[in-house]
Amino acid sequence: MSLIEVRDVIKEYDTAHALRGVNTEIEKGQWINIIGPSGSGKSTLLNIISGLDAPTKGDVIIDSVNINVLKEDDMARFRREKMGFIFQQSHLIPYLSAVENVMLAQYFHSMADEKEAAEALGRVGLSHRLTHRPSQLSGGEQQRVCIARALINSPQILLADEPTGNLDRENTKVILELLRKLHAEEHFTIVLVTHDPFVSQWGQRILSMEDGRIISDQRL
Amino acid sequence: MSISLPVRAMKHLFNIISSEAFLLWLIGLWIMYYIVSAIFMSEAFAAFVHYLEKKIVFQMPFVLFLLSGFLNIIRSARRRWKEGRVLFFMRLIMPFGIMVFFTGFFISVTTRAVTQHLAGEGDIVRFFEAGEGYEITGIKSGLKDAYIDIDAGPGKGVFAYEPKLTVVDKDSNVFEIGAFPPKKINGTYYHILDFGFAPGIVLYEDSQLKDEGYMPLRILPPGRSDFFEVQPYPYRFLISMKPEKVVQKGDMTGSQYNLKNPVYNIRVFKGESIVSEGDSEADMRFDNLTIRFFEPAYWVRLQIVRDFGAPVIIIGLFMTAGGIPFFLAGLFLRKV
Amino acid sequence: MIYEALIIGLKEGFKLGIVWLVFYSYLALNNKKHLLKAFYSAIVVSFLLSAAVFFIQHDMILKDAISGFISVSLAVFFISSAAALYQASGVNMLYPFQGQVPVSDESGQSTYPLFLKKWAESIKHFIVFTASVIFFAPDIAGSIIFLKELSVMKQDALMTFFSALTGYLLVLMLFIVIIRYFRTVAIGGFFSLPQILLFLAIVKLLGGGIKGFAELSLMPSVQRGFMKLAHDFIHQIFVFLMVPDHPLLTITAWNFIGFFFGSSFASIASLLIFLMLPFTFIYYSLVKVPGASLFDKEGISEKTGAQKRKIKSMLLSDRRKKAVPVFLFVFLILFSWFSEKGGDAQMVYNPKPKPVVVENGVVIIPISDPSMNLMDGRLHKFTLSHDGKTIRLLIIRKAEDALSVCLDACEICPYDPEGYGQIDIDLICVYCNTPIPLESVGDAGGCNPIPLTFSVDERFVKIDIGEILKKFEAVKIIEFKEAK
Chain H
1 MSLIEVRDVI KEYDTAHALR GVNTEIEKGQ WINIIGPSGS GKSTLLNIIS
51 GLDAPTKGDV IIDSVNINVL KEDDMARFRR EKMGFIFQQS HLIPYLSAVE
101 NVMLAQYFHS MADEKEAAEA LGRVGLSHRL THRPSQLSGG EQQRVCIARA
151 LINSPQILLA DEPTGNLDRE NTKVILELLR KLHAEEHFTI VLVTHDPFVS
201 QWGQRILSME DGRIISDQRL
Chain L
1 MSISLPVRAM KHLFNIISSE AFLLWLIGLW IMYYIVSAIF MSEAFAAFVH
51 YLEKKIVFQM PFVLFLLSGF LNIIRSARRR WKEGRVLFFM RLIMPFGIMV
101 FFTGFFISVT TRAVTQHLAG EGDIVRFFEA GEGYEITGIK SGLKDAYIDI
151 DAGPGKGVFA YEPKLTVVDK DSNVFEIGAF PPKKINGTYY HILDFGFAPG
201 IVLYEDSQLK DEGYMPLRIL PPGRSDFFEV QPYPYRFLIS MKPEKVVQKG
251 DMTGSQYNLK NPVYNIRVFK GESIVSEGDS EADMRFDNLT IRFFEPAYWV
301 RLQIVRDFGA PVIIIGLFMT AGGIPFFLAG LFLRKV
Chain Z
1 MIYEALIIGL KEGFKLGIVW LVFYSYLALN NKKHLLKAFY SAIVVSFLLS
51 AAVFFIQHDM ILKDAISGFI SVSLAVFFIS SAAALYQASG VNMLYPFQGQ
101 VPVSDESGQS TYPLFLKKWA ESIKHFIVFT ASVIFFAPDI AGSIIFLKEL
151 SVMKQDALMT FFSALTGYLL VLMLFIVIIR YFRTVAIGGF FSLPQILLFL
201 AIVKLLGGGI KGFAELSLMP SVQRGFMKLA HDFIHQIFVF LMVPDHPLLT
251 ITAWNFIGFF FGSSFASIAS LLIFLMLPFT FIYYSLVKVP GASLFDKEGI
301 SEKTGAQKRK IKSMLLSDRR KKAVPVFLFV FLILFSWFSE KGGDAQMVYN
351 PKPKPVVVEN GVVIIPISDP SMNLMDGRLH KFTLSHDGKT IRLLIIRKAE
401 DALSVCLDAC EICPYDPEGY GQIDIDLICV YCNTPIPLES VGDAGGCNPI
451 PLTFSVDERF VKIDIGEILK KFEAVKIIEF KEAK
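Residue numbers (the working numbering), protein chains in the order written: chain H, 1 to 220; chain L, 1 to 336; chain Z, 1 to 484.
Be aware that one or more of the hints could be misleading.
[To be verified] According to the in silico footprint, chain Z covers these stretches of chain L (three or more CB under 8 angstroms from chain Z): (1) 29–35; (2) 158–164; (3) 207–214.
Hints in this document: simulated from the structure, not taken from any laboratory. Glycine included, C-beta positions come from ideal geometry on N, C-alpha and C.
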């Protein structure tokens, strides 16, 4: 059974069509990469799946819930409990330590638990960097903190928008290895947006987009 | 390996008695008992102490309470031992002190023996009939020379220091006994419970000496009045101390009394009527009698107590009071 | 409309209404509304039981018994709320009664002894019913006795009871509207069993006075009881430590002893004891992070970290929500503790004299009015001014239907400002601490209060002013501290 269903989604901005009728289904536990040149609508699709943006027409159904009809508060709660996010920029709070950044995510979800947060950082290989500020961490390390933060509330879906966009090839590889390991352990669904062909080879499925349409759907 | 039934039953009983719930039930039941008895009976606490002294129905639950309290402390102490040694001792002192106090309470209530003597100089006092006798050789009053009746509320501030009394036993050992703390002689506590004047009195009938002696009265603190009778005469003498000086300042009145050699106000009743009134500075004459007052002696009410619980109570109180800060500190230092 | 009766009706109606509201919301929120049947039938039974009081020729004993029961039921709710609180905080209070159940109950669910399990529903109904009867019956009976006395005084029984009923129904209707048309279910979220029991205790404490509106709350008697206990306990320790009671010690020693013996120490100590329950609750609900056992009940040990945290945070926020009424109760207790005048630690009841006036040479004092009853066995004091003199009188019920009227002075002790107080039933001279047995009050001489000749009919005590002045002269003549 599919976890995410995207049905006839159209997104129009004032002047342009960002999505021109997208249909797809994503299965539970699947790692899907969405690729395409800039302006192809891949990020718009990700935002619509995450509920951060609403489609002009069409439905997004996640875990049998049509998220387009949810009220703002319910959507926020839904997102808090089901989804984790990684972005190109780390968006870490600069004056909090690594473990505190993770705890903050716990706090917004339910309540902070330092022990659990430290364990999560351990899983991404940062147990020696718990009390470091983001500025004291390398770009790759910052992104690993983001992964720990995204996964701390055991989301069903991990949404990643160009997660390795700022990293060199070596660090990119480390991050992707890590994601692969965690994905194998915890079986969450990954929806990853990238323009990098190297990154797109790591998942189980590649969705190519161009001009607001899906042009190919390829299983690896 | 199976354990035999009686052993299992004993173990279960032990588990119950050492459980927090059992202790709480005992305390709750006592509170309920006390409230009900306080509502329907006056002096409920005194009654409880009395029952605890006499009735096994009250003693048994109290012993269970002591047992359960100590077992609970041991049980929680075992847990705390694992948390850390310092914390262990900090958190233990107060609860242990409380239980020690109640143990002393119980011992005191059930075994305390008390005798009291109203005595003056030259009398012999003893603890029950069998006890060794002590002769009172002197009483030091400890009274101030003068007392002004405004400074401290009724009864306070009469004494410069406590009254003391000296006794001597048959081997000529001398002991000095005060009011507080009690003096321990041969495992028994002696202390002065009450103290007063015994004015010297001479009574003449038609200039003939009829009676002479000291009359123990309760006229301390000044302002209090007491009366006495001299058999076989039908008179009642109402007596109180007379102030030497009275100072009036606004609404306040200060009366100064001489406590070394007081002057008395005396009123003589025959039936309901007053036959004479005056003070003791001059002889007082009425009908064919004359009464004269001279320097007072002192009397004491000496209490003799044998109480094995008293030291336990004191230890318990000190542990409790001293343990409170440690207990509170322990609460905050505890690892969560 | 009889005002006093109306107020009683309003008060009793409010008590029922507020308890109903809270109980209703709690049950509605927790899907236990079927228990309301037990509650309603308990109200009916309480009324029937109390109605019996109306037909019994009542006397002091019955009245004392009922006021005693009101206090007992207050205690029952306070203590059971403490027990429920401990149960909720993880101490299995039923453990001593549970046969061979191991300490850590593996099923972890039921706290019922096994043989009672199949009766659980009936037991719940029975408990709700009994608790409601214990709560309401004494209060309603007390009010009915008061109304009956009021109706005798006002000589209009019909109007008295009609007024009370009007007040009662008015308030109840208000509550029916509230429960019917407002979303009151949310109130239930602030309560669980310990809070409900504590709430009942507080309602009784603040609205359980049986002398009608003259004594709205039970706080003064609770204060007296607590202070008496604190005082007796300290006294007992002093006896053990052989500290002399008499003023034998130097003023320095007295200042220390006086601190422990003084009424302010007793008052503070008793306040601490009294507030320990809510504070313990706050500690358990807010400060202390609950032990694993409490969470295990929710079956979360196999869940992921995030799910665990979610359940924990829900539990904790629930606990915090339920601490809100407790904070409110603490505030209420503190407020009423300091606003009510408590008895002092010596337990000497020394009421403030009520002013009376002389009319046509006679002092007339009603035997009963809503704020007092001369036949209640307590000491009553009155004061009158005549020719520049202030004269105090005391009246006390000496035996069944017999009053004793005296000057508040004896022939021996100084007159101002002491006089007599009451300890239990007997009088005591405030100045010299001589106890005057009640039987001897009215006899002349010595330390006894100076008796007055008086006449009494069904409603009033009448004393001739000439008699008062004559006897008061005696006080003046024998008054001792002329020097002062």
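Given coverage of the region 207–214 of chain L by chain Z, tested with a Cβ cutoff of 8 angstroms and a minimum of 3 residues: violated (count 0)
Coverage criterion applied to the region 29–35 of chain L (partner chain Z; beta-carbon cut 8 angstroms; 3 residues): Result for this restraint: holds, n = 4.
Per-stretch coverage check for the region 158–164 of chain L, three Cβ contacts closer than 8 angstroms to chain Z: Coverage by chain Z holds here, the residue count being 6 at a Cβ distance below 8 angstroms.
When the structure is compared with the earlier hints, a violation turns up for hint 3 alone.
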